[in-house]
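Asks: Chain by chain, the residues run as shown.
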Amino acid sequence: MKDWRYWLAEQRGTLLAFGIFIVMFVIYTSNHPAGFSANVVQTASNKGVLLAFVAMAQTLVVITAGIDLSIGMIFTLTNCLASWLVIGTGIETAFGVIAVLGTGLLCGAINGAIVIYGRLQPIVATIATGAVYFGIALLLRPFPGGSVNENLADALTGRLFGVVPASLVVLLAVVLVVWVPFSRSVLGRAAYAAGSSEMAAYMSGVPIRRGKFAAYALAGLLASIGGLFLTFFTYTGDAAYASGNAYTLFSIAAVVLGGVSLFGGKGSAIGAIFGALAFRTIGDLLFVFDFDPLWQPLFQGVILLIAVSLGAFALFRVRNRLEWFL
Amino acid sequence: MSETTVSGIANRMPKFIRRADPAVLTAFACIVLLLFVGSLYSRSFLSPEYLLQQLKVASFLGVIATGMMLVILLGQIDLSVPWSVAVGAMMACAAAAYGPAGVALAIPFGIFCGVLIGVVNGIGVAYLRIPSMIITLATNAVAQGLMVVYTGGFSPQDSATGAMRYLATGFAIPGLPNAVIIWALIGAAMVFVLTRTGFGRAVYGIGNRERAAYLSGIDTRRVVMIAFAVSGGLSAFGGVLLAGYASKAAQSMGDAYLLPSIAAVVLGGTSILGGRGSYLGTVAGVILITLLQSILSVMQMPEAGRQIIYGVVIVAMLLLYGRAPASR
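Protein chains in written order, with our numbering: chain A, 11 to 336; chain B, 34 to 361.
Please keep in mind that the hints were generated in silico from the structure rather than gathered at the bench.
You may find that some hints are simply not true.
Covered, in the sense of this in silico footprint (three residues per stretch, anywhere, with C-beta under 8 Å from a C-beta of chain A), are these stretches of chain B [claimed, not checked]: (1) 124–138; (2) 263–276; (3) 284–295; (4) 299–313; (5) 343–349.
To list a few chain A residues with every Cβ distance to chain B over 10 Å, as calculated [what the hints assert, rightly or not]: (6) M34; (7) R129; (8) Q131; (9) A135; (10) G140; (11) P152; (12) L182; (13) P191; (14) S193; (15) R194; (16) A227; (17) T244; (18) Y251; (19) L259; (20) G275; (21) W305.
Here are some, though not all, of the chain A residues that point toward chain B, as calculated from beta-carbon distances under 8 Å [claimed, not checked]: (22) L130; (23) A165; (24) T167; (25) G168; (26) F171; (27) G311; (28) V312.
Note that the Cβ used here is the ideal one computed from N, Cα and C, for glycine as well.
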C-alpha cells in the first residue's frame, strides 16, 4: 500500500466524524432561523467546546483500554472550584486558573494511581472516585452560586475580530499544547501500545505504566479545562449530579462517534472533538425543527444507542466464531 | 517453613472458616465493627427494632444487587440500574391508573418493563458484542429519555397500589417485614440457581472464560442475555418495592442505587472480572453498605460527606482485597 492509504486507514474514524459533523452542521444552520451567522456559530461552538474538552479527556483514557466514569464529576468539581477561585485582579485570577487546572490534574492522577498502581478495575474505581469528587463539589457549592472574572469569561467565550469564536481558538490551542505533544511522545505511544496489547507492549519494554498514568492525569487536566469553560459560560458553579453524569455519558458517545475504539489502541482526540461537536449539533437539531425540548434526552439516548451499535458491524468481518469472545 | 505453619494453623480451624472466602469474612468483620461504632453513637443502634428496620431498608438494595451480582459474575456490568429502577417504579404506578385490571397487573407490568431494558442490554452484549459498560449506559439514557417524555419532566402523580405498599411495608409474618421475606426468597432462588443448576454453572464458566464455555457446548450468548434480562427485571422489581415504600415513584429515585449495588457485590468478594463470588458475600456487602449509610445518617453527615466517605471506603476496601494479580 502507498503511504497515503495507510494514513487514510488510520484516520478513517476521524474523517468520518468530521464528515458527520459537517453534514449535521449544514442541516443545522440551514434550518436555523438566523441562518449561518457569526452569532449562531459562536453559540454552537461555545456549547460544543465544553463537550469537546470532556470528550478529549475520555479519549486519552479510552486509548489505554480503560474508561473514566468520573470525568463528568471532575468537570463538575472544577466548575465549582472555579466559581470560588477564578475572580479578582489579574494575578488572583491567574492563580485561580492554575489552581483549578492543578486540581483537575490531581483528580486524574488519583484515578491513574488507583487504577494502575492499585490494580483496580477502572470502571469500579472511577465510579467510586467520582462519588468522592462529587462530594467535594457539593461541599464547595451546596447551592448553585459564585461568580467568575467576567472580563476573562467574556473574552474567552466571545469572538476574535468579530468573526472567530474565541472558544474554538482555545480548543485549538489545547489540542496543540496537550494532545499533539502527548500523542507523539514516548508516553503517548506507550498509552496506545498498552491499549492495543498490554502484554506485547510490556514485553517490548514500553513504559506502559507511566504511559497509562500520564493518560489518566492528562484526562483530569482536560476535564478541568472543560469545567473552567463551563464556569465562563454560566458565571456560576453548580454541583449538579445529573449534569456531571450526563457529561460522562456524552463523552463516551462523542468518543464512539469520533471513531475511537473502546477496546483501546485506536483513534485520536481530534476525532473525539468532531464526535463531540457532531453529537451536540445532532442534539440541537431538535430545536431548529421546533420539537418539544422534552424529547431531547430520548433523542440523545437513541443517538448514543445507535452510535455504540455501529461497532457491531465489525462482527461481519469475523471468520472464526471464537473471535467473538475477546 | 512459614507456609507449613500457616497451613497447620488453618487445618486446626473449623471447616467452615477454612472454606470461607477471606473477602466474605472481612465483610462480616466490617459489619461487626460498624455495629460496634454505631452502638457508641446511639444506644438504640443495637435494638432489635432498629436492626430489623435496617434489614428492611437493606432488602431493597439486596434485590437490586442480586441482579447486579449475576451480571458481574459473567464479567460484565449493568450500569442501567438507575433508570431500570425508576422505570419499574413509574410503569407500575402508571399501570395502577388504568382501572382494576391495571391495579392487578401493576407489579408484573413494572417488572416486565425492566426485563425489556435487560433484554436490550443482553442483545447488545451477547449478540452484538458491544461492551456491557457502554450499551447499558446507552439503554439507561434511552430509558431516562422515555421517562422524561412520559412524565413531562416532573415526578408522576400516580401513586403506588395497595399490593405494592403491602409488599414493601406490610407484615405477613408478625415482626418480620415483607420486604425482608422477599429478599430472602429471591436470595434463596439465586443461591439455588447459581449452585444447583446448569445455568448457574454456565454463568461461572462464562465469567471465567467465555471462549472455553462456548467450546464446551454452552450457548453462552443465550445465558448472557438471560442474565441481563434477570438483572433488569430485578432492578425494576426493586423500583416497584421502593415505590411501594415511598407510595409513589420519583424521577431520580434510582440514582442512589447504582454505586451501592456494585459496591455491595464487589465488597462481598465477587470478582469484578467475573467467575468468582458467592451470594453470601453479596448479602454481607448489602448489609455492610446499608449499615454504613445508616451510621452516616445517625452521625447527621451531610450528603457531601456521605458521598466522599462512600467513595473512599469502597476504594479502600477494594485495595484491601479486590486487586488484580500483579502483572506477570
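Asks: Next step is simple, just say for each hint if it's right about the structure.
Replies: Now the hints, each set against the structure:
Under a criterion of three residues with beta carbons nearer than 8 Å to beta carbons of chain A, the stated coverage of the segment 124–138 of chain B fails, only 0 such residues being counted. Proximity of the segment 263–276 of chain B to chain A, defined as three or more residues with a beta carbon under 8 Å from a beta carbon of that chain, is not established by the 0 residues found. Counting residues of the segment 284–295 of chain B whose CB lies closer than 8 Å to any CB of chain A gives 5, which reaches the minimum of 3, so the coverage claim holds. Only residues whose beta carbon comes within less than 8 Å of a beta carbon in chain A count, and the segment 299–313 of chain B has 3; three or more means the coverage holds.
Residue count for the segment 343–349 of chain B with a Cβ under 8 Å from a Cβ of chain A: 5. That meets the three needed, and the coverage hint holds. Every CB of chain B lies more than 10 Å from the CB of M34(A), the least distance being 19 Å, so the non-interface label holds. Once the 10 Å rule is applied to beta carbons, R129(A) is inconsistent with being away from chain B; the minimum gap is 4 Å. Annotated as non-interface, Q131(A) brings its C-beta within 10 Å of a C-beta of chain B; the closest such distance is 5 Å.
With a minimum CB-CB distance of about 6 Å to chain B, A135(A) fails to clear the 10 Å threshold, and the non-interface call is violated. Distance to chain B contradicts G140(A) as a non-interface residue, since its nearest Cβ pair spans about 7 Å, not more than 10 Å. For P152(A), the condition that its CB be more than 10 Å from all CB atoms of chain B is violated, with the nearest at approximately 7 Å. The beta carbon of L182(A) is kept farther than 10 Å from every beta carbon of chain B, the shortest such distance being approximately 29 Å.
The beta carbon of P191(A) sits about 27 Å from the closest Cβ of chain B, which is more than 10 Å, so the claim that it is off the interface holds. Interface exclusion of S193(A) from chain B stands, the closest Cβ pair being 23 Å apart, more than 10 Å. Every CB of chain B lies more than 10 Å from the CB of R194(A), the least distance being 26 Å, so the non-interface label holds. No beta-carbon of chain B comes within 10 Å of the beta-carbon of A227(A); the shortest separation is about 17 Å.
Interface exclusion of T244(A) from chain B stands, the closest Cβ pair being 20 Å apart, more than 10 Å. Y251(A), annotated as away from the interface, has a beta carbon of chain B within 10 Å; the closest lies near 7 Å. At the 10 Å boundary, the C-beta of L259(A) falls inside the reach of chain B, the nearest C-beta of that chain being 6 Å off. Chain B leaves G275(A) outside its interface by the beta-carbon criterion, the shortest separation being 14 Å against a cut-off of 10 Å.
With a closest Cβ-Cβ approach of about 6 Å to chain B, W305(A) is found to fall inside the 10 Å limit, against its non-interface label. The interface hint given for L130(A) holds, since its Cβ lies 5 Å from the closest Cβ of chain B, which is under the 8 Å cut-off. Using the Cβ-Cβ criterion of 8 Å, the hint placing A165(A) at the interface with chain B is not satisfied: the shortest such distance is roughly 33 Å. The criterion of a C-beta within 8 Å of any C-beta in chain B is not met by T167(A), whose closest approach is roughly 28 Å, and the hint is violated.
The interface hint given for G168(A) is broken, as the beta carbon of that residue sits about 32 Å from the closest beta carbon of chain B, more than 8 Å. Evaluation of the F171(A) hint against chain B yields a violated restraint, the C-beta minimum of about 39 Å exceeding 8 Å. Nearest Cβ of chain B to the Cβ of G311(A): about 3 Å, under the 8 Å cut. The hint holds. Of the supplied interface hints, the one on V312(A) holds, with its beta-carbon coming within about 6 Å of a beta-carbon of chain B, less than 8 Å.
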